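The residues making up each chain are set out below.
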Amino acid sequence: MTTPTAYAAYTRLEARAALRPHHPWACALLVVIGIGDGLLPGIPSIQHFFEAVFGARNGVHTILINDYTGLLCVIYWVGVFDLLRVYVTPAEERRLALYLTKPISRTRYFVSKLAPTMLILTLVNVVGMLAAAGGVLAFAGPADFRPGAFIATSLMVFALAVVMLAIANLAFLFVRDTYNAILVAAAVFIAAVLPGGMYMYRPDLFSPALKDLLVFPANLLWHEDDAPAIAAIGVPLMLAAAAVLTALAAWRLNRTDTIKA
Amino acid sequence: MTPAIDIRGLTKQYKDVRAVDDVTFSVAPGEVFGFVGHNGAGKTTTIQMLLGLLRPTAGSARVLGRDVVADSLAVRRISGFLPASYALPRDMTPVTFLAYVASMFGLSGKPVRNKIDELLTMFDLGKVAKKKLGGFSSGMTQKVGLAQALINDPQVLFLDEPSTALDPIGRADLMRHLATLARDKGVTVLFSTHILSDIEDASQRVAILHHGRLLAAGDLAELKAAHGTPRMDDLYLTLVRGAMAREGITP
Amino acid sequence: MTAFLRQEVRTLLRTRRTKIIAVVICYALLVFPIAMKRPPQSMVDLAGEWFDGDGSFTLFMFAYLDLSMNKVSMFAGIILVGGIVADERARGELPLLWSKPITRSRYFLVRLTGAVGVFAGIYITATLIGTVYYPSQVSGFDPAIYLGMATVHLFAAGYAVTLAGTMGVLLGRKIPAMLVSLLLLGTFVGVAFLPFYTDSPWLGWLNPFYHGVSLIGQMTTFTPADMLAPIAALLAFHIATAALGAWKVSREEQ
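Residue numbers (our numbering), protein chains in the order written: chain A, 8 to 268; chain B, 95 to 345; chain C, -3 to 250.
Read the hints as simulated data drawn from the structure, not as lab findings. Check the hints yourself; a few may be wrong.
Claimed, not checked - Listed below are the simulated SDA-like cross-link pairs for lysine to any residue, each with C-alpha atoms no more than 25 Å apart in a straight line: (1) K109(B) - M95(B); (2) K204(B) - T(-2)(C); (3) K109(B) - R169(C); (4) K318(B) - A276(B); (5) K33(C) - R209(A); (6) K225(B) - R102(A); (7) K221(B) - R171(B); (8) K224(B) - I289(B).
Unchecked claim - Over the 10 Å line for every Cβ pair with chain B, so calculated as not near, a few chain A residues: (9) Y17; (10) A156; (11) I197.
Bear in mind that the values here come from a model prediction, so they are computed numbers and not experimental data. Glycine included, each C-beta is placed from N, C-alpha and C at the ideal position.
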């Protein structure tokens, strides 16, 4: 007989399975990035580059522009590979139909895998934030560092990563193998970071509003004073968007009848 | 006559599990030889050792005179193999997959295209020749599996549980194909199964494996007579129960 | 084994992902001049300061290698061969493939070579298109310099394929292998120009992507002979990495 306890056991098993060996490595990488970025303002040509191109006002900004980029990259890509385990690889390895014949709803299957993954990514993000803050304080000192703005901005970066993951996750339901899934994930990633790269070479293409909206991650530092207020609105908005996209993905999974055994 | 397959004291030890234990038997050229045993008896391990996919812990084996350890590539060059459990690349078609497998034998060009046509006809795959393998039923997959095992015109064919996924008609066809291959082309066939009726249909000689040990090997009719069992099922059960009794296990 | 290699190349060319990679590379190549039409003077000055030459062509080559080809090849490598052997194992195809008369190391090397070959084909085609297209789009464009630098960079870009393919057999499982490849290649690409920013070439010695872009430090003066050292270094990276993968795969039972 199916009991709530049985589902609790399933949820617990999924939660345990969500923690993978690459998560500690991702944390280690974020620490390395935190330390490595801390060294950047010490290289005059790099500091000059970030001042001239991205309007960095001090060494802390240079460190943080790189930290936020690193945080987004690591959280997003670790998340992508975690999400592949939800649908793409089980379908590819013909395990999905076997799972879905068990008496759990597809939504429960979906959520039981997604929820612990998001929790672990949150923890990895916290490690990344601590490493970034540590790098700034150790190498640039506390003078130009504003903890409130840093926390708000880091949360914005995390929320952006979550929205990107939600988009990729939805798209994964339409691809048939890992390679194509990575291709889709790469497209989402490039769409997010390309404006920042493009801005280096064609700032004339960006109106002030477009610049503030798209030139990640420098835009988060241009409005440092307003960061807590922006995050107070932006983070819930982005998380809500991610939730809607995830609900859409669950709906799509429920309607999919082409799962191959 | 030199045996096509000659196995002597073949043993495979995995840590504390002896998967194959001192197995000795031989298969004559051009015969369809049945290799019988329950799941986990050691049939697959034995076949994989014969193809050089696993290294024996002890003993030796030769396929058409070639040592399976020292000369495993030569063995594979003259052999066809259908594993018990496998999948086919979902994005390929039967035609592209068979061409791909042929290329692993260094074969290409018109002879391969002709061979593929012949195999597609033989296994009645002509209509699905250009369809993606991802959508194939298990029976159709098994037919492609059998076709790939024959792409190199093998002299020895190893089939591991070949009839498991087939429907009754497919099984009858398979047995017919095996008999034809042995009779017309002189192909030696060693096929493992736990479906005992297949053995009676296709083989004159068998080897029976139980928990890695060889219980009996030889002419099926002689074995039945020796044990006073009219049918293959009875022979198998008699031998297995005897082995279990010797091991102190109550059936 | 040329039949197998030919068949592998043909198989890879038929896949949707190969076609998409080819389209993406060509698209990036064609729209690139738009991105570089009016670079800010500050970027032009910085490029002149970091690298050899002055003017927008130096900046163009920097952006071409950094923003476009390095990033594209990083993803292309993983998408083309991110899970050789590991992928077939996970799908259950290995028992059949490894029963054929080919050693495991050779199977791995042929598949890797096929993928590197396909990627090189796409890269070379794109470069040749660039050679014809860019002179009319980029002021000061020098086809000889572009071809020379792209030739060296091809070996670095191809290394993304070699590394991603090898990681699949080293780690045994596709998803971790792809992730580690991505993070490693991302790091290599991310710090490829660091030796120029810091004026410390030794920082790039162990980075294949630095060798791939190293000619930018002598853009206006390099000769064909100068291309040989970075190409030799990159070939050594390829051979060492592939040999490691071949050794690992040859030790596996199944």
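Here is how each hint holds up against the structure:
1. K109(B) - M95(B): Between K109(B) and M95(B) the Cα gap is close to 38 Å, so the pair fails against 25 Å, i.e. violated.
2. K204(B) - T(-2)(C): OK: K204(B) and T(-2)(C) at ~16 Å, within 25 Å.
3. K109(B) - R169(C): Cα-Cα ~24 Å, so holds.
4. K318(B) - A276(B): holds (23 Å)
5. K33(C) - R209(A): Answer holds: K33(C) to R209(A) is near 8 Å, not above 25 Å.
6. K225(B) - R102(A): Holds, at roughly 23 Å.
7. K221(B) - R171(B): Since the Cα atoms of K221(B) and R171(B) sit roughly 30 Å apart, the hinted pair is violated (cutoff 25 Å).
8. K224(B) - I289(B): Outside the cut-off at roughly 33 Å; violated.
9. Y17: Given that every Cβ of chain B is farther than 10 Å from that of Y17(A), nearest at about 27 Å, it holds.
10. A156: holds (49 Å)
11. I197: Answer for I197(A): holds, closest chain B Cβ roughly 25 Å.
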